[in-house]
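Novice: Taken in sequence, the protein lines are chains A and B.
The opening position of the first sequence corresponds to residue 0 in numbering that gives the first Met the number 0, with each subsequent residue numbered one higher.
The opening position of the second sequence corresponds to residue 0 in numbering that gives the first Met the number 0, with each subsequent residue numbered one higher.
Just so you know, these hints were derived from the structure itself, not from any lab.
Glycine included, C-beta positions come from ideal geometry on N, C-alpha and C.
Certain hints may be false.
Have a look at the derived ranges for each label pair, beta carbon to beta carbon [as the list claims (entries may be wrong)]: (1) B/R300 / A/E128: 45 to 55 angstroms; (2) A/V283 / B/G401: 23 to 33 angstroms; (3) B/I280 / A/Q252: 24 to 34 angstroms; (4) A/E14 / B/K101: 12 to 22 angstroms; (5) A/D275 / B/D119: 27 to 37 angstroms; (6) B/E186 / A/P208: 13 to 23 angstroms.
Chain A residues, not near chain B, derived (Cβ > 10 angstroms throughout) [stated by the list, open to error]: (7) M32; (8) R34; (9) R41; (10) E97; (11) G114; (12) T192; (13) S228; (14) P313; (15) R338; (16) E399.
Far from chain B, some chain A residues (derived; all Cβ distances over 10 angstroms) [as the list claims (entries may be wrong)]: (17) T113; (18) E201; (19) F409.
Number of protein chains: 2
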Amino acid sequence: MSAGSGNASMRPIRETLPLDEALALVLEAASPMTRTERVPLREATGRIIAAAAVAAVDVPPFDRAAMDGFAVVAEDTFGAGRYDPKILRCIEKVYTGEVPTKRLARGECTEIATGAPMPDGADAVVMVEESDKAGDDVRIFTPVYPRQHVGRRAADIAAGQSVLAAGDFLNASRVGALAAIGGVDVEVFAKPTVAILSTGNEIIEPGSPLRPGQIYDINHFTITSVVQSHGGIAIAYPPAPDNLPDLVAAIRQAAEADIVVFSGGSSVGERDLILDAIQQIGEVIFLGIAVKPGKPTVFGRVGTTPVFGMPGYPTSCLSNAYMLLLPMLRRMARLPEFRPQIVTAPLARRVVSTTGRHQFYTVRIENGTAVPAFKASGDITSMSLADGYIEIPAQTDIVEAGELVDVKLF
Amino acid sequence: MSAGSGNASMRPIRETLPLDEALALVLEAASPMTRTERVPLREATGRIIAAAAVAAVDVPPFDRAAMDGFAVVAEDTFGAGRYDPKILRCIEKVYTGEVPTKRLARGECTEIATGAPMPDGADAVVMVEESDKAGDDVRIFTPVYPRQHVGRRAADIAAGQSVLAAGDFLNASRVGALAAIGGVDVEVFAKPTVAILSTGNEIIEPGSPLRPGQIYDINHFTITSVVQSHGGIAIAYPPAPDNLPDLVAAIRQAAEADIVVFSGGSSVGERDLILDAIQQIGEVIFLGIAVKPGKPTVFGRVGTTPVFGMPGYPTSCLSNAYMLLLPMLRRMARLPEFRPQIVTAPLARRVVSTTGRHQFYTVRIENGTAVPAFKASGDITSMSLADGYIEIPAQTDIVEAGELVDVKLF
């Protein structure tokens with residue numbers, strides 16, 4: 000936007016908040032979603048179910064054979080042996096998906112496939128391997144006890160039982176449990192929408208040729224990527240205007256989303272304009288965090304909508320998205336806390352950190368060591384050529400070569 | 000399908016393969032995708048780039064101010080101090096997105112915003128905090144060295160440089176790197192398609208009321224979920240027919256996908272039919288794995304397409320999908336190996352395992368202990384009510400209460 004028209008309008012950030020305090024404030028402003036929507040079961044994976052799912056049916060809905068073989072009256076098989084078989088008369092054959100039509104009497108059996116309903120009168124199944132059929136006569140070589148090889152009605156789920164609780168994360172088996180009780184679709188919490196606005200007159204969308212003084216928008220894409228990967232819907236907004244009334248109007252509109260993220264512009268003047276706009280129609284919660292990179296970050300609220308003003312430098316913007324936006328988004332989406340994969344490795348070279356600022360420091364894993372990959376906050380390659388990052392606490396100045404560090408993989 | 004019309008057609012599984020050997024055979028049959036497709040950058044997260052991305056432009060494309068302040072000739076500031084400022088004449092003001100029009104001479108400066116191009120003649124920036132402007136006179140309170148607070152052209156990426164290599168996973172910063180060089184879309188490897196076929200006459204799709212003897216299809220949904228979560232596209236096929244010629248035709252058609260997964264039917268007769276069909280037009284690679292649950296698993300190939308015949312019981316089917324289909328799918332999708340989150344906890348109760356079979360045993364985490372959650376292979380609640388699973392090696396019979404186990408979270 001503007002190159003500050005003098006010192007009066009430039010308010011450099013002097014007070015900064017420790018990262019943990021900033022994160023606490025961000026999480027405090029994160030209200031878990033209450034909006035819900037109905038999605039087909041085939042598209043429900045990764046979503047959060049909004050209400051308990053209660054079975055209207057028994058699963059399985061009938062006693063069924065758990066093995067291929069012969070449904071019998073268990074007592075008829077007592078004493079059977081390989082050289083002393085019991086002989087039963089086969090009265091019917093039941094395939095899966097069919098229903099037995101004949102009730103078993105003593106001395107009788109029904110040939111049955113795994114999953115087929117047990118005939119009335121039968122209380123066990125003899126495995127086919129333990130039998131020999133010749134005509135209607137079936138020789139039984141082993142005794143079975145009552146209920147052996149029978150899957151009992153409602154053994155998996157009983158009608159009236161709650162198979163999932165509100166708030167459960169829908170993984171494969173839980174989607175399966177909904178299918179088991181006949182679900183076709185499911186009510187889930189809506190994904191938080193995130194309005195992403197670029198600022199900065201130098202920023203243009205990839206696709207057009209660069210004119211002198213212009214660079215391509217990076218932050219829009221990195222924020223979109225983080226949002227999509229952590230349960231949100233990224234909504235692209237037009238670039239933010241560079242005068243206060245229009246910016247206020249733009250923020251008002253963007254605040255219809257669940258979260259607003261400004262990204263782009265990096266100068267003190269631009270930050271001030273966003274600050275003024277938030278103050279005019281909302282509340283600034285903090286301004287500046289003791290992190291490196293990423294210090295000049297504004298966080299506030301317009302109505303109930305949290306608003307981030309991310310620093311313009313791509314690495315600063317993205318590292319703050321990982322450290323602040325991601326946890327907020329997941330909490331609002333009701334997703335479990337994110338745990339990045341961690342690789343512990345010795346640091347290949349000494350790293351000197353800025354005292355008093357929590358440092359997000361990118362590294363590559365090479366030959367089992369963590370090799371510093373950070374160039375400058377303005378360089379997206381500081382992150383894109385890295386495998387992950389280490390965090391250096393505010394009170395630590397130096398991490399020596401050879402020290403073991405926990406690398407959080409991207 | 001059929002309830003085996005006698006022992007002759009029933010071939011119970013007697014030879015089983017250890018899990019690691021089965022997995023090796025499955026991975027051997029997994030050819031990484033060579034098909035590619037073009038996707039917009041906004042939808043590229045999580046995909047694998049198919050060719051190196053080479054920059055056509057320098058990023059940044061010009062020397063730029065890294066701070067708000069004044070572009071100067073560094074030498075003009077040497078010796079400046081708070082009580083001994085140097086005074087320079089401001090000749091221009093440059094906003095971001097603009098281009099300086101005046102070349103700096105000694106004794107002159109240009110007011111400049113972060114990100115704006117440096118004027119010719121200038122070689123450093125004095126931060127606004129270290130200056131004081133009155134009219135055109137700017138007092139400079141600190142010396143700067145050449146290139147201080149200047150972001151140099153191509154410092155991030157130089158034209159001709161490869162910013163990503165073929166096969167790189169597109170995370171947020173890598174999508175950002177593509178945006179930085181002006182990318183609008185990107186060529187990525189296509190996702191493997193997985194044809195999912197249900198078998199079993201008792202299986203019906205959720206949505207219709209159950210008739211006697213019927214149950215709802217679960218495996219179709221659990222497999223779909225695993226496929227979608229690990230880089231594949233699940234394609235629903237009509238239920239597999241229950242006669243050999245039609246089944247052969249169905250497999251031929253399904254084999255146009257990159258992977259075929261049969262799921263559902265559980266009887267020996269059904270397995271045999273799938274086996275016969277695969278043998279008729281392809282090759283059976285193995286039949287039966289020494290795992291529990293999940294032993295009766297068929298794996299083969301039709302043309303170059305791997306074909307799984309998963310056991311019908313929901314837990315058996317899904318645990319095998321985790322142990323075999325998931326690694327195959329990720330290898331074909333060129334995704335990094337999956338590492339589930341692991342929680343180490345003491346086992347709450349003794350678990351007795353089947354000797355000679357690798358056991359996949361579900362548990363819940365309760366009060367920091369791993370509580371056995373497994374009911375029966377037929378019960379989807381064995382998994383849906385669990386938080387994860389432990390694996391008990393084939394040679395281990397018993398895991399005692401209190402022993403520490405690694406729980407792989409779902």
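Novice: For every hint, state whether the structure bears it out.
Specialist: Verification of the hints:
| no. | hint | verdict |
| --- | --- | --- |
| 1 | B/R300 / A/E128: 45 to 55 angstroms | violated, 29 angstroms |
| 2 | A/V283 / B/G401: 23 to 33 angstroms | violated, 53 angstroms |
| 3 | B/I280 / A/Q252: 24 to 34 angstroms | violated, 59 angstroms |
| 4 | A/E14 / B/K101: 12 to 22 angstroms | violated, 37 angstroms |
| 5 | A/D275 / B/D119: 27 to 37 angstroms | holds, 34 angstroms |
| 6 | B/E186 / A/P208: 13 to 23 angstroms | holds, 21 angstroms |
| 7 | M32 | holds, 21 angstroms |
| 8 | R34 | holds, 23 angstroms |
| 9 | R41 | violated, 6 angstroms |
| 10 | E97 | violated, 6 angstroms |
| 11 | G114 | violated, 5 angstroms |
| 12 | T192 | holds, 15 angstroms |
| 13 | S228 | violated, 6 angstroms |
| 14 | P313 | violated, 6 angstroms |
| 15 | R338 | violated, 6 angstroms |
| 16 | E399 | holds, 27 angstroms |
| 17 | T113 | violated, 4 angstroms |
| 18 | E201 | violated, 4 angstroms |
| 19 | F409 | violated, 5 angstroms |
In summary, the structure is inconsistent with hints 1, 2, 3, 4, 9, 10, 11, 13, 14, 15, 17, 18 and 19 from the numbered list given earlier, while agreeing with the others.
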